[in-house]
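Visitor: Take the sequences, apply the hints, and build the full model.
The sequence shown begins at 28 in our numbering and counts up by one.
I should point out that these hints are in silico values taken from the structure, not numbers from a laboratory. Treat the hints with care, as some may be off.
Taking lysine-lysine pairs in the BS3-like style, the calculated list, with each CA pair at most 27 Å apart, reads [said to hold, decoys possible]: (1) LYS124 x LYS134; (2) LYS134 x LYS31; (3) LYS33 x LYS124; (4) LYS33 x LYS132; (5) LYS121 x LYS108; (6) LYS108 x LYS124; (7) LYS121 x LYS31; (8) LYS124 x LYS53; (9) LYS33 x LYS47; (10) LYS53 x LYS132; (11) LYS121 x LYS132; (12) LYS108 x LYS33; (13) LYS144 x LYS31; (14) LYS53 x LYS121; (15) LYS121 x LYS47; (16) LYS132 x LYS31; (17) LYS121 x LYS134; (18) LYS134 x LYS144; (19) LYS53 x LYS31; (20) LYS121 x LYS33; (21) LYS108 x LYS132; (22) LYS47 x LYS108; (23) LYS53 x LYS108; (24) LYS31 x LYS124; (25) LYS132 x LYS144; (26) LYS33 x LYS53; (27) LYS47 x LYS124.
Cβ pair distances, simulated, as ranges [unchecked claim]: (28) ARG164 x TYR58: 30 to 38 Å; (29) GLN55 x LEU112: 21 to 29 Å; (30) LYS53 x PRO97: 37 to 45 Å; (31) ASN41 x VAL168: 42 to 50 Å; (32) HIS159 x GLN55: 26 to 34 Å.
Keep in mind it's a predicted model, so treat the numbers as computed, not measured. For each residue, glycine too, the CB sits at the ideal point set by N, CA and C.
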Amino acid sequence: MIIKVKEWVSSLCNNTPLSKNNAIIKNQTFYLTLEEFADQPQVYMRTMNEGLSFGYETVQWDGPIPASEPVIHQIHILYWKEVELLSHVQLCEKITKLLIQTIEKRKSEYARCQFCKDLVSQEHRFDEQTCHSCASRQYGVVY
Numbered sequence: 028m029i030i031k032v033k034e035w036v037s038s039l040c041n042n043t044p045l046s047k048n049n050a051i052i053k054n055q056t057f058y059l060t061l062e063e064f065a066d067q068p069q070v071y072m073r074t075m076n077e078g079l080s081f082g083y084e085t086v087q088w089d090g091p092i093p094a095s096e097p098v099i100h101q102i103h104i105l106y107w108k109e110v111e112l113l114s115h116v117q118l119c120e121k122i123t124k125l126l127i128q129t130i131e132k133r134k135s136e137y138a139r140c141q142f143c144k145d146l147v148s149q150e151h152r153f154d155e156q157t158c159h160s161c162a163s164r165q166y167g168v169v170y
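Guide: Okay, structure coming up:
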């Protein structure tokens, strides 16, 4: 995973000038997919007025369908004044570190389903040990 993150950050840093004054990247979101999980979640790096935001999105279940808007979990922010003080190499290293921490936080919300053995996020589990699909098959739960 660390190699994939480093490659993604390197590509991003080398192809996208990350600065407060770059109008092209204002309010833009860059996603990195975590392929080792059943639902292939994504973490993001988002450019904002304040700086670079790191986090992930989830869904909230308010009934039989997910909410129309994702729930945004901002885990870290790297302010523009900090970005401006870093060299290109230091910035890439800092972004890599914050992304890895964000990934670790997201990974901690996953558990293996006792029936299908898939790694499933908390928003897609019936209980701590059962995913929604297996809850339907095993317990007759209707979603």
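Visitor: All hints are to be evaluated individually against the structure, with a verdict given for each.
Guide: The hints, checked one at a time:
no.: 1; hint: LYS124 x LYS134; verdict: holds (15 Å)
no.: 2; hint: LYS134 x LYS31; verdict: holds (16 Å)
no.: 3; hint: LYS33 x LYS124; verdict: holds (9 Å)
no.: 4; hint: LYS33 x LYS132; verdict: holds (18 Å)
no.: 5; hint: LYS121 x LYS108; verdict: holds (14 Å)
no.: 6; hint: LYS108 x LYS124; verdict: holds (18 Å)
no.: 7; hint: LYS121 x LYS31; verdict: holds (15 Å)
no.: 8; hint: LYS124 x LYS53; verdict: holds (22 Å)
no.: 9; hint: LYS33 x LYS47; verdict: holds (23 Å)
no.: 10; hint: LYS53 x LYS132; verdict: holds (26 Å)
no.: 11; hint: LYS121 x LYS132; verdict: holds (17 Å)
no.: 12; hint: LYS108 x LYS33; verdict: holds (23 Å)
no.: 13; hint: LYS144 x LYS31; verdict: holds (25 Å)
no.: 14; hint: LYS53 x LYS121; verdict: holds (20 Å)
no.: 15; hint: LYS121 x LYS47; verdict: holds (16 Å)
no.: 16; hint: LYS132 x LYS31; verdict: holds (17 Å)
no.: 17; hint: LYS121 x LYS134; verdict: holds (20 Å)
no.: 18; hint: LYS134 x LYS144; verdict: holds (16 Å)
no.: 19; hint: LYS53 x LYS31; verdict: holds (25 Å)
no.: 20; hint: LYS121 x LYS33; verdict: holds (11 Å)
no.: 21; hint: LYS108 x LYS132; verdict: holds (25 Å)
no.: 22; hint: LYS47 x LYS108; verdict: holds (9 Å)
no.: 23; hint: LYS53 x LYS108; verdict: holds (16 Å)
no.: 24; hint: LYS31 x LYS124; verdict: holds (13 Å)
no.: 25; hint: LYS132 x LYS144; verdict: holds (21 Å)
no.: 26; hint: LYS33 x LYS53; verdict: holds (23 Å)
no.: 27; hint: LYS47 x LYS124; verdict: holds (20 Å)
no.: 28; hint: ARG164 x TYR58: 30 to 38 Å; verdict: holds (31 Å)
no.: 29; hint: GLN55 x LEU112: 21 to 29 Å; verdict: holds (22 Å)
no.: 30; hint: LYS53 x PRO97: 37 to 45 Å; verdict: violated (21 Å)
no.: 31; hint: ASN41 x VAL168: 42 to 50 Å; verdict: holds (48 Å)
no.: 32; hint: HIS159 x GLN55: 26 to 34 Å; verdict: holds (33 Å)
Against the hints set out earlier in the document, a violation occurs for number 30 only.
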